[in-house]
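Student: What follows is the residue order along each chain.
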Amino acid sequence: MKFAKLIISGALVLGIVLPCYAEKIVVEGSTTVLPIAQKAAEVYMDRNPGDNISVRGGGSGVGIASLLDKNCNIAASSRPIKDTELDKAVTNGVDATANIVAMDGLAVIVNPQNQVSKLSKKQVKDIFMGVISNWSELGGSNEKIVVVSRDTSSGTFEAFLTLVLGGNKTRSDALMQASNQAVATIVSGTPGAIGYVGLGFLSSAVKGIEINGVMPSKDTVVSGKYPVTRPLFMYTDGKPQGLVKGYIDFILSDEGQKLVEEEGFVGLRDKK
Amino acid sequence: MNILRFKEKLYKWIFTILAFASLFFLVGIVLVLVKEGLPIFQKVSFFKFIFGRSWYPTYNPAEFGILPLILASTWVTLGAVMVCLPLGVGSALYLNELAGPAQKAVLKPIIELLASIPSVVFGFFGMVVLTPFLQKTFHLPTGLTALNASIILGIMATPTVCSIAEDALNYVPNAFREASFAVGATRWQTLTRVVIPAAGSGISTAIILGMSRAIGETMTVLMVAGGAAVIPHTFLEPVRPMTAAIAAEMGEAPMGGSHYHALFAIALVLFVITFLFNIVAELISRRFRIKLGLSG
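Going down the list, the protein sequences come from chains Z and G. Note that our numbering gives residue 18 to position 18 of the first sequence, counting from 1, and the numbers run on in steps of one. Note that our numbering gives residue 180 to position 180 of the second sequence, counting from 1, and the numbers run on in steps of one.
In short, the hints are calculated from the structure, not lab data. Quick reminder that beta carbons are idealized off the backbone N, C-alpha and C, glycines included.
Below, simulated DSSO-like cross-link-like pairs (lysine-lysine); rule was C-alpha separation at most 27 Å, straight line:
| hint | chain 1 | residue 1 | chain 2 | residue 2 |
| --- | --- | --- | --- | --- |
| 1 | Z | 82 | G | 35 |
| 2 | Z | 39 | Z | 239 |
| 3 | Z | 258 | Z | 245 |
| 4 | Z | 258 | Z | 239 |
| 5 | Z | 39 | Z | 245 |
| 6 | Z | 218 | Z | 122 |
| 7 | Z | 125 | Z | 144 |
| 8 | Z | 125 | Z | 82 |
| 9 | Z | 122 | Z | 144 |
| 10 | Z | 70 | G | 35 |
| 11 | Z | 258 | Z | 24 |
| 12 | G | 43 | Z | 169 |
| 13 | Z | 207 | Z | 225 |
| 14 | G | 48 | Z | 169 |
| 15 | Z | 82 | G | 43 |
| 16 | Z | 239 | Z | 24 |
| 17 | G | 136 | Z | 144 |
| 18 | Z | 70 | Z | 82 |
| 19 | Z | 82 | Z | 122 |
| 20 | G | 136 | Z | 207 |
| 21 | Z | 218 | Z | 118 |
To be clear about the criterion: a stretch of chain Z counts as covered by chain G if any three or more of its residues have a C-beta under 8 Å from a C-beta of chain G, and this derived list gives those stretches:
| hint | segment |
| --- | --- |
| 22 | 57-67 |
| 23 | 148-157 |
| 24 | 161-175 |
| 25 | 184-190 |
Computed Cβ-Cβ distance ranges for the label pairs, DEER-style:
| hint | chain 1 | residue 1 | chain 2 | residue 2 | range |
| --- | --- | --- | --- | --- | --- |
| 26 | Z | 23 | G | 15 | 39 to 47 Å |
| 27 | Z | 166 | G | 200 | 52 to 60 Å |
| 28 | Z | 98 | G | 118 | 34 to 42 Å |
| 29 | G | 256 | Z | 166 | 22 to 30 Å |
| 30 | G | 138 | Z | 166 | 31 to 39 Å |
| 31 | G | 282 | Z | 172 | 32 to 40 Å |
Kindly generate the complete structure, drawing on both the sequences and the hints.
Tutor: This is how it looks when you write it as structure tokens:
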């Protein structure tokens, strides 16, 4: 009798403990990469019941900090890792390894009523820095330019800062918004506004601007013609292994890249 | 018998612990704010932090001047007071002095219902309805301005102001009113010369608590204030209040970096401001109870 009880309780304990040995990984970071990570995790877990992938947002900085503290297995990031973060990685014994999972183009957008439809990269830079402040200087109507930008700490802003602004400050009265969606909403409702969003946020409510004569689209991003593109990363500790490898390989597979495109980003498979 | 006494003691302890839990949380929060906020002052002097005019936390070199953010919060809060003072106090006066029982039974729950609307819904209302309206009315480049935030925050603070002001009016003993009517004063005279002065400090408390509600509100200002970190010159310019800066930037600030510490320091400044508001409100309301001969 006692023996039977022991077996039963032993089995119970094992039953509780065993599932914890099934592989479980955490993906954390960029809100830009979040839709890809989330979708891929759902499909992957459907295929491989027992594997557990939990996906959290928070931002590129949060994700990388979490990877360096070994609180997550994959840090999703819309920007490359920074030197200060690399220093910390070395101190913590984390070998932060970049895996590019998709490409994104930053589309410069204006209100559909705006007559201006072409700008050079230099002009965009001047607008955001405050050198040009009226649309009439660019062949548009006599209207004050309202500059809409992402928050200075977002990965999207950082990409724009490097690719377009060349590290210069935006004008101080730029409207700093917390998400791509907020930028798109403001631009669609403000006649004089200009902003930038990820390709996935282009819609009929806003007008994409040709930069250096190239329209932002999946094709021009893939071909490398469009000048404002950035890679999206998933950082891992060392080379991906186990479930981390399975998950990232899945995103990089044809099927995974199809999901990437469905979420409005540009897949790597077309890159020739 | 002993078990009964033990039980009683046990319950007493349980409830004592529960009561002190809030204190524990408060102390915990303050400690974290101080611990995470103070390191920024090794990088920037306290004076430069508070009075610096540029907020460029992620550039190289970074600038951590929060004066535009403090002024933005101040402007938006003062603007909110201009909206919630007439709305809140006016409706409290009506409810307490003029409304019949039937009107009161309908109006009071409706005003309280206003307090239960989530702030993000107020934010949406501001973005979708108020923003285009302000933009057209004042011919502005953008409707996302301090004025927009002030109006929405004022509406949000109205239930707080109204219900506390109404309590204050309730505390004014009826004998005051009767005495006033007895010497031949009209209803208006009684209201303006007797009731309002008697409830004056209670009404001030209501306004101050309304202010601390407005200055701490985050979601709404994030959505409608515009988010530009410039020193405002008029109510028709976009601003970036302290709460909006913290909420928008915290997620992406590298943990343990200067930007991260600066955001905590802003939170500390905000905490000190609301703490002072609450102390002032408490002091005024204590004086008020003593003045009316209620127990302090």
